[in-house]
Amino acid sequence: MKQKYDITVAGISLSIVSEDDEKYINSLVRLLDRRIADMTINKGKCSKGAALAVCALDYLDSSLKLQAELDAIKSGK
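Going left to right, the sequence shown walks through residues 1 to 77 as this note's numbering numbers them.
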């Protein structure tokens, strides 16, 4: 069943709807928040917006590559 969650990522408050449980959602938020903090603190010149964009591109890239691998396995290639 879908649930609404209020989350904060990189200081930005959001409401999301998900079928996943709160513990899982919170673990995703912590991972993303930590990654953004690492990029903005350690890199110095990286803004939160840039860090969010880089994270989004990285996660999308990983997702698409995994989907392509899964499709290849399913088709026997």
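It is worth saying that the hints were derived from the structure and are not from the lab. Be aware that one or more of the hints could be misleading.
Result set (DMTMM-like, lysine to aspartate or glutamate): computed pairs, CA atoms no more than 25 Å apart in a straight line [claimed, not checked]: (1) Lys45 <-> Asp21; (2) Lys4 <-> Glu19; (3) Lys4 <-> Asp20; (4) Lys48 <-> Asp33; (5) Lys45 <-> Glu22; (6) Lys2 <-> Asp38; (7) Lys48 <-> Glu69; (8) Lys4 <-> Glu22.
Source: prediction; values computed, not measured.
Now the hints, each set against the structure:
no.	hint	result
1	Lys45 <-> Asp21	violated (35 Å)
2	Lys4 <-> Glu19	holds (9 Å)
3	Lys4 <-> Asp20	holds (10 Å)
4	Lys48 <-> Asp33	holds (10 Å)
5	Lys45 <-> Glu22	violated (33 Å)
6	Lys2 <-> Asp38	violated (31 Å)
7	Lys48 <-> Glu69	violated (31 Å)
8	Lys4 <-> Glu22	holds (9 Å)
Violated hints, listed in ascending order, are 1, 5, 6 and 7; each of the other numbered hints is respected by the structure.
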